[in-house]
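Enquirer: Knowing the structure of chain A, use the given hints to seat chain G on it.
Given next are the chains, with one letter for each unit.
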Amino acid sequence: NAGVMQNPRHLVRRRGQEARLRCSPMKGHSHVYWYRQLPEEGLKFMVYLQKENIIDESGMPKERFSAEFPKEGPSILRIQQVVRGDSAAYFCASSQGANEKLFFGSGTQLSVL
Amino acid sequence: GESVGLHLPTLSVQEGDNSIINCAYSNSASDYFIWYKQESGKGPQFIIDIRSNMDKRQGQRVTVLLNKTVKHLSLQIAATQPGDSAVYFCAENIALKGQNFVFGPGTRLSVLP
Numbered sequence: 008n009a010g011v012m013q014n015p016r017h018l019v020r021r022r023g024q025e026a027r028l029r030c031s032p033m034k035g036h037s038h039v040y041w042y043r044q045l046p047e048e049g050l051k052f053m054v055y056l057q058k059e060n061i062i063d064e065s066g067m068p069k070e071r072f073s074a075e076f077p078k079e080g081p082s083i084l085r086i087q088q089v090v091r092g093d094s095a096a097y098f099c100a101s102s103q104g105a106n107e108k109l110f111f112g113s114g115t116q117l118s119v120l
Numbered sequence: 829g830e831s832v833g834l835h836l837p838t839l840s841v842q843e844g845d846n847s848i849i850n851c852a853y854s855n856s857a858s859d860y861f862i863w864y865k866q867e868s869g870k871g872p873q874f875i876i877d878i879r880s881n882m883d884k885r886q887g888q889r890v891t892v893l894l895n896k897t898v899k900h901l902s903l904q905i906a907a908t909q910p911g912d913s914a915v916y917f918c919a920e921n922i923a924l925k926g927q928n929f930v931f932g933p934g935t936r937l938s939v940l941p
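Protein sequences, first through last, are from chains A and G.
Read left to right, the first sequence gives residues 8 to 120 (my numbering).
Read left to right, the second sequence gives residues 829 to 941 (my numbering).
Chain A on its own, in the form it takes in the complex (with noise of 0.2 Å):
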């Protein structure tokens, strides 16, 4: 009965360098939202996944930032060649259908050097 598993829980990159932060849905839940948080603030959506496919990405950047949800394994937030900017904590929820409540994982806190 595990909830909505993130790993790792905290990264530590160097700027130029790739992140990958994971995010394993709670059992039955096929959709994955990824948002990003900075100290004192709220959380900002990011990208919307269901297996396999991309419903909603308006906010996440362009560039360097992509996500899948692959049919088989964990959602993957890609973040390449990152800067001090992105430095941040990042949270995945879970949810089984859509418009139904989210579950959240413990986040991944991303610091670059």
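These are computed hints drawn from the structure, not numbers from a lab.
For glycine and all other residues, C-beta sits at the position ideal for the given N, C-alpha and C.
Be a bit skeptical, because a hint or two may be false.
Some chain A residues flagged as far from chain G (calculated, every beta-carbon gap over 12 Å) [unchecked claim]:
#1 Arg20
#2 Glu25
#3 Pro46
#4 Glu75
#5 Glu79
#6 Gln87
#7 Ala96
#8 Ala100
#9 Gln116
#10 Ser118
#11 Leu120
SDA-like cross-link-like pairs, simulated, lysine to any residue; straight-line CA separation at most 20 Å [what the hints assert, rightly or not]:
#12 Lys108/A to Lys870/G
#13 Lys51/A to Val90/A
#14 Lys108/A to Asn881/G
#15 Lys51/A to Tyr853/G
#16 Lys34/A to Gln873/G
#17 Lys870/G to Pro77/A
#18 Lys108/A to His36/A
#19 Lys58/A to Pro46/A
#20 Lys899/G to Ile848/G
#21 Lys51/A to Met67/A
#22 Lys34/A to Lys896/G
#23 Lys108/A to Asp877/G
#24 Lys51/A to Asn881/G
#25 Lys108/A to Arg879/G
#26 Lys896/G to Ile876/G
#27 Lys58/A to His36/A
#28 Lys870/G to Phe931/G
Expert: Chain G only, in chain A's frame:
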């Protein structure tokens, strides 16, 4: 009382008192709303939800009120406890935008002994 901090508005209440946290939502087409609680270093935790065909819903010690006329949502916490100290977010589901949830800026609740 309520004050606006650098980023997050803060509500301070005495232990045992009732708390009311307010949220103005943005889209009159939104039809589903959720309140989340986020403790430091953790992911948001579901508290209570309400759909637009209702104007009030009660849970254990919490009540959500929805006023669609003025696009306002509130969370009432009865007999506030120290463990209620956290940041509270409202989220609206904008059905016209592919069912992704948009979060409000958040309110920090501080419970005084």
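Enquirer: Hint by hint, say whether it matches the structure.
Expert: How the hints compare with the structure:
Annotated as non-interface, Arg20/A keeps its C-beta farther than 12 Å from every C-beta of chain G; the closest such distance is 20 Å. The non-interface label for Glu25/A is consistent with chain G: the shortest C-beta to C-beta separation is roughly 24 Å, beyond 12 Å. The beta carbon of Pro46/A is not kept farther than 12 Å from every beta carbon of chain G, the shortest such distance being approximately 8 Å. Non-interface call for Glu75/A relative to chain G: holds, since the shortest CB-CB distance, roughly 17 Å, exceeds 12 Å.
The claim that Glu79/A is not at the interface with chain G holds, since no C-beta of that chain comes within 12 Å of its own (minimum 24 Å). With a minimum CB-CB distance of about 23 Å to chain G, Gln87/A clears the 12 Å threshold, and the non-interface call stands. Non-interface status of Ala96/A relative to chain G is broken: a Cβ of that chain comes within 12 Å, the nearest being about 9 Å off. For Ala100/A, the non-interface assignment is contradicted: its Cβ lies about 8 Å from the closest Cβ of chain G, within the 12 Å cut-off.
Gln116/A, annotated as away from the interface, has a beta carbon of chain G within 12 Å; the closest lies near 9 Å. Look at Ser118/A: its CB is around 14 Å from the nearest CB on chain G, clear of 12 Å, so calling it non-interface holds up. With a least CB separation of 21 Å from chain G, Leu120/A remains clear of the 12 Å interface cut-off, as annotated. Simply put, Lys108/A and Lys870/G have alpha-carbon atoms about 18 Å apart, close enough for the 20 Å limit, and the pair holds.
At roughly 18 Å between alpha-carbon atoms, Lys51/A and Val90/A fall within 20 Å of each other, so this suggested pair holds. Pair hint Lys108/A plus Asn881/G holds up; C-alpha atoms about 16 Å apart against a cutoff of 20 Å. The suggested pairing of Lys51/A with Tyr853/G holds, with an alpha-carbon distance near 15 Å, which does not exceed 20 Å. Our distance criterion of 20 Å between C-alpha atoms is met by Lys34/A and Gln873/G, whose separation comes to about 17 Å.
Using a Cα cut-off of 20 Å, the hinted pair Lys870/G and Pro77/A is violated, with the two alpha carbons roughly 26 Å apart. For the suggested pair Lys108/A and His36/A, the alpha carbons sit about 11 Å apart, so the restraint of at most 20 Å is met. A C-alpha spacing of about 31 Å is found between Lys58/A and Pro46/A, which places the hinted pair above 20 Å, so the restraint is violated. At roughly 16 Å between alpha-carbon atoms, Lys899/G and Ile848/G fall within 20 Å of each other, so this suggested pair holds.
A threshold of 20 Å between alpha carbons decides the hint, and for Lys51/A with Met67/A the separation of about 10 Å falls inside it, so the pair holds. Between Lys34/A and Lys896/G the alpha-carbon distance is near 34 Å, which puts this suggested pair outside the 20 Å criterion. Restraint check: the Cα-Cα separation between Lys108/A and Asp877/G comes to about 8 Å, which is no more than 20 Å; the hinted pair holds. For the given pair, Lys51/A sits about 27 Å from Asn881/G by alpha-carbon distance, which is inconsistent with the 20 Å threshold.
Taking the CA atoms of Lys108/A and Arg879/G, the gap is about 11 Å. The hint holds against a cut of 20 Å. Proposed proximity of Lys896/G and Ile876/G is supported: the alpha carbons are some 17 Å apart, at most 20 Å. For the hint linking Lys58/A to His36/A, the alpha-carbon distance of about 10 Å falls within 20 Å, and the restraint holds. Between the alpha carbons of Lys870/G and Phe931/G the distance comes to roughly 16 Å, so the proposed pair stays at or under 20 Å and holds.
Taken one by one, the earlier hints fail for this structure at numbers 3, 7, 8, 9, 17, 19, 22 and 24, listed in ascending order.
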